[in-house]
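Go ahead and model the full structure; you've got the sequences and the hints to work with.
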Amino acid sequence: MLDFIIKRFFQVIVVVLLALTVVFFLIRISGDPTTLFLPPDAPKDQIEEYKELLGYNRPLIVQYGDFMFHAVQGDFGESLRSQEDALGIVLSRIPATFQLAISALLIALIIAIPLGVLSAYKRNTVFDKVGVALTIVGQAIPSFWLGLILIYFFAAQLKILPSGGGGTAIHLILPTLTLAAYSVARFTRFTRSAMLDVLRKDYIRTSKASGVPTFRLIMRYALRNSLIPIITLVALDLGVLLGGAVITEVVFSWPGVGRLLMQSLMNRDFPIVLAGVFIIALIYALVNFIADVLYAYVNPQIRVK
Amino acid sequence: MKRFLIMFFAMSMLFIFAGCTEGTSGQDEPSSDGNNDQKAKDSLVIGFEADAGTLIANLDVNYTTDTQIRNIYDSLIERDGQTGEYIPSLATDWENVDELTWRLTLKEGVKFHNGADFNAESVKFSIDYILDEANQSFYRSRWANVEEVKVLSPTEVEIKTSVPFPSLVQRITEDLLIMEPGYVEEVGTDVAAKEPVGTGAYKFVEWSRDNFLKLEANEDYWQGEPAIKEVEFRYIPEFSSRMSAFLGGEIDFFKNIPVDSVAEIKNTDNAKIGEVSSARINYLALNTFHDGPLQDVNVRKALNYAVNVDELLESILNGYGTKMTGPLAVINSSYVETDDYGYDPDKAVELLEEAGYDPEELTLTLDTPNGRYPMDSQVAQGIASQLQKIGVQVDVKVNEWGNHLEKIQNREMGDMYILGWGPAFDPQSTIENLFTEGAPYSSFYDEKIEAKIQETNAIFNEEDRFEGYAELQHDLVEQSAWVPLWQQADLYAIKEDLNFEPRVDEKMQVFEMSWK
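Protein chains in written order, with numbering that gives the first Met the number 0: chain A, 0 to 304; chain B, 0 to 515.
Keep in mind the hints are simulated off the structure, nothing from the lab. One thing to keep in mind: the hints can contain errors.
[What the hints assert, rightly or not] Computed list of lysine to aspartate or glutamate pairs in EDC-like fashion (alpha-carbon distance at most 16 Å, straight line):
{"no.": "1", "chain 1": "A", "residue 1": "K158", "chain 2": "B", "residue 2": "D268"}
{"no.": "2", "chain 1": "B", "residue 1": "K322", "chain 2": "B", "residue 2": "E336"}
{"no.": "3", "chain 1": "A", "residue 1": "K50", "chain 2": "B", "residue 2": "E132"}
{"no.": "4", "chain 1": "A", "residue 1": "K43", "chain 2": "B", "residue 2": "E431"}
{"no.": "5", "chain 1": "B", "residue 1": "K193", "chain 2": "A", "residue 2": "E83"}
{"no.": "6", "chain 1": "A", "residue 1": "K50", "chain 2": "B", "residue 2": "E405"}
{"no.": "7", "chain 1": "B", "residue 1": "K193", "chain 2": "A", "residue 2": "D84"}
{"no.": "8", "chain 1": "A", "residue 1": "K43", "chain 2": "B", "residue 2": "E411"}
{"no.": "9", "chain 1": "B", "residue 1": "K406", "chain 2": "A", "residue 2": "D31"}
{"no.": "10", "chain 1": "A", "residue 1": "K43", "chain 2": "B", "residue 2": "E436"}
{"no.": "11", "chain 1": "A", "residue 1": "K43", "chain 2": "B", "residue 2": "E405"}
Pasting the structure below:
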């Protein structure tokens with residue numbers, strides 16, 4: 000088991016370093032940040048001077064080596080705009096992103112699992128068909144559209160909820176619903192199909208024949224056995240949600256990591272972008288790492304392989 | 000597995016509650032109770048598109064930072080909000096001792112928010128802050144000509160420049176904000192950047208990143224007690240969300256209304272549109288750095304005849320904008336009226352043929368940003384279709400803003416591009432940065448004109464200087480240096496009962512506002 004954990008953890012490190020490398024080169028290809036920070040009337044020699052000061056005139060590979068050398072020590076440099084520690088700025092946005100991600104995930108699970116179970120159990124009934132239709136709609140609705148519609152209806156027209164911002168539980172309602180919509184749809188469909196698979200199994204038929212009550216049959220025998228693939232999906236979605244829901248955070252002015260990353264990318268504040276990518280890649284890889292370890296714990300076959 | 004699920008739920012709840020109490024805390028019960036009409040009329044919430052980069056003065060050259068911190072810090076010289084003329088602020092008087100020396104007289108009895116006295120030392124400290132390389136101020140390039148700042152007495156300061164620097168007054172007005180030396184030295188720049196101290200009308204209260212900045216009135220303000228007691232800049236990056244927040248009564252005003260949303264705001268109860276012709280100008284640059292047909296003056300003239308600016312203004316901008324005919328806007332201190340090419344497609348075709356081009360065979364490129372200036376990419380499409388009427392094919396390229404700017408600075412642009420410039424109150428910064436070989440922002444160069452620009456920039460006598468720029472304006476029009484478009488109209492959505500006159504320099508000085 001320890002071997003397995005060490006191996007998997009090594010993979011986490013590789014994934015994070017690879018992500019940093021890819022993003023480092025991608026944003027450098029997009030251009031040089033100096034021009035955006037200097038006033039537009041800055042003469043050419045001044046621009047060159049700043050490039051030198053910030054190190055952007057060195058060969059790309061040297062910049063990369065320098066960046067990696069410091070990054071592995073947790074030093075991503077200072078924000079070009081505010082001259083504060085880039086990693087610190089990103090970390091200060093994590094609580095807001097966690098708050099939104101976890102509440103969206105909880106809402107999604109609370110709605111999706113009963114819905115999926117019922118759809119599977121009442122397969123091919125009107126209930127099931129409406130459920131499936133709703134999940135397709137849920138997955139198809141773009142979140143910026145849903146977000147704006149919710150804001151327009153609840154904030155601009157009814158004036159009962161704030162249009163955005165962060166802080167109290169009341170600020171959380173609309174962005175959580177927007178963010179949960181997609182996950183609800185995914186989880187419901189997944190739960191339904193996982194349940195359908197299990198419900199077809201012989202042991203379910205046998206249990207049913209031997210008179211196990213329906214509720215107990217579903218909860219104890221069927222749902223428990225469908226949960227493993229659902230955990231994978233939840234882990235994946237949690238990774239994505241914790242990485243900052245860029246669109247939802249922007250539409251609802253939510254002060255999280257996604258919005259910070261988006262703005263920093265527009266401003267070409269590269270140290271923040273890289274620190275942000277580091278954190279997101281790390282969270283994503285760690286969540287998956289934990290899911291893998293849990294699997295191995297639950298199912299010894301996996302760790303043997 | 001059950002244990003895992005229980006743990007997961009427990010952890011989740013922990014995160015949510017932790018998140019509610021710290022990190023993003025600080026916001027009072029939201030104005031989501033909706034009906035703000037009942038609110039006591041001494042507070043103001045401004046919907047603002049982006050957070051400040053920092054709250055320390057003289058570091059970040061950025062509209063979003065500058066607009067907010069100008070309520071906390073004062074400048075030495077101000078602009079009149081409507082005419083753009085210089086007016087005294089913390090400096091009561093300024094004069095040239097000689098071409099390289101400026102002397103400023105400072106106001107007495109002004110105090111910083113922490114009780115310290117404002118004096119010549121604070122002016123010296125603030126300029127030195129810009130000049131000190133270690134601070135990496137992005138303003139430094141504009142102040143490179145300043146050699147030394149001398150304190151003559153507590154109310155007198157002398158600035159020495161390395162070359163004659165007539166636009167120093169403009170730099171002082173637009174860039175320099177006065178910081179409290181004792182405070183910055185005591186707490187360090189990191190803290191001063193988060194909890195600023197100035198002499199301004201508003202004192203810092205709280206800053207929640209990407210969330211809000213809260214200020215309170217400085218009751219001892221040297222210009223008098225501010226009418227509005229509490230101010231909040233609330234950061235709402237998305238326009239539609241800002242609009243909903245305004246319609247829902249959460250914010251009292253916001254800037255940059257797209258022309259197609261004006262009608263909706265006008266039709267809303269307790270809302271009005273504020274409009275001002277800004278000192279920011281938009282133009283179509285004709286790139287003479289690029290080896291192509293636009294190096295020929297006749298081709299440039301043809302384009303001036305073929306672009307129908309009035310039509311663009313009416314059909315795309317719904318009339319919001321003030322047409323320009325020359326290099327400077329009416330608001331500019333050296334503006335003179337220049338000839339208008341007008342719209343004459345036949346003349347355009349004639350000139351192109353004279354230059355040896357068959358309009359039907361000519362293809363030009365036109366680069367535009369998207370969303371940087373009012374309706375910019377639509378304007379580019381409009382220009383393309385107008386040129387197509389005389390047979391010229393235009394290949395429109397829409398660029399992300401950073402790329403657009405970089406292509407201009409690296410001189411990688413093709414034939415034409417859309418750009419804005421501003422605030423353009425002063426003739427020197429506009430003409431020097433747009434029509435010389437060293438400055439790429441309209442990518443125009445002509446040897447004779449360049450010599451004249453350098454000559455005029457160095458003139459100290461005001462009348463001669465005015466005369467010089469007047470001639471230059473006519474010459475640039477004659478050379479068809481660019482296709483001038485318009486001064487942008489700055490549009491604001493404002494609560495009906497808020498007294499607020501939008502300023503020509505885009506600033507939001509809450510001190511000038513009050514509730515009816």
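Taking the hints in turn, this is what the structure says about them:
| no. | hint | in the structure |
| --- | --- | --- |
| 1 | K158(A) <-> D268(B) | holds (14 Å) |
| 2 | K322(B) <-> E336(B) | holds (12 Å) |
| 3 | K50(A) <-> E132(B) | holds (13 Å) |
| 4 | K43(A) <-> E431(B) | holds (14 Å) |
| 5 | K193(B) <-> E83(A) | holds (10 Å) |
| 6 | K50(A) <-> E405(B) | holds (13 Å) |
| 7 | K193(B) <-> D84(A) | holds (13 Å) |
| 8 | K43(A) <-> E411(B) | holds (15 Å) |
| 9 | K406(B) <-> D31(A) | holds (11 Å) |
| 10 | K43(A) <-> E436(B) | holds (11 Å) |
| 11 | K43(A) <-> E405(B) | holds (12 Å) |
The structure is consistent with each of the numbered hints, conforming to all of them.
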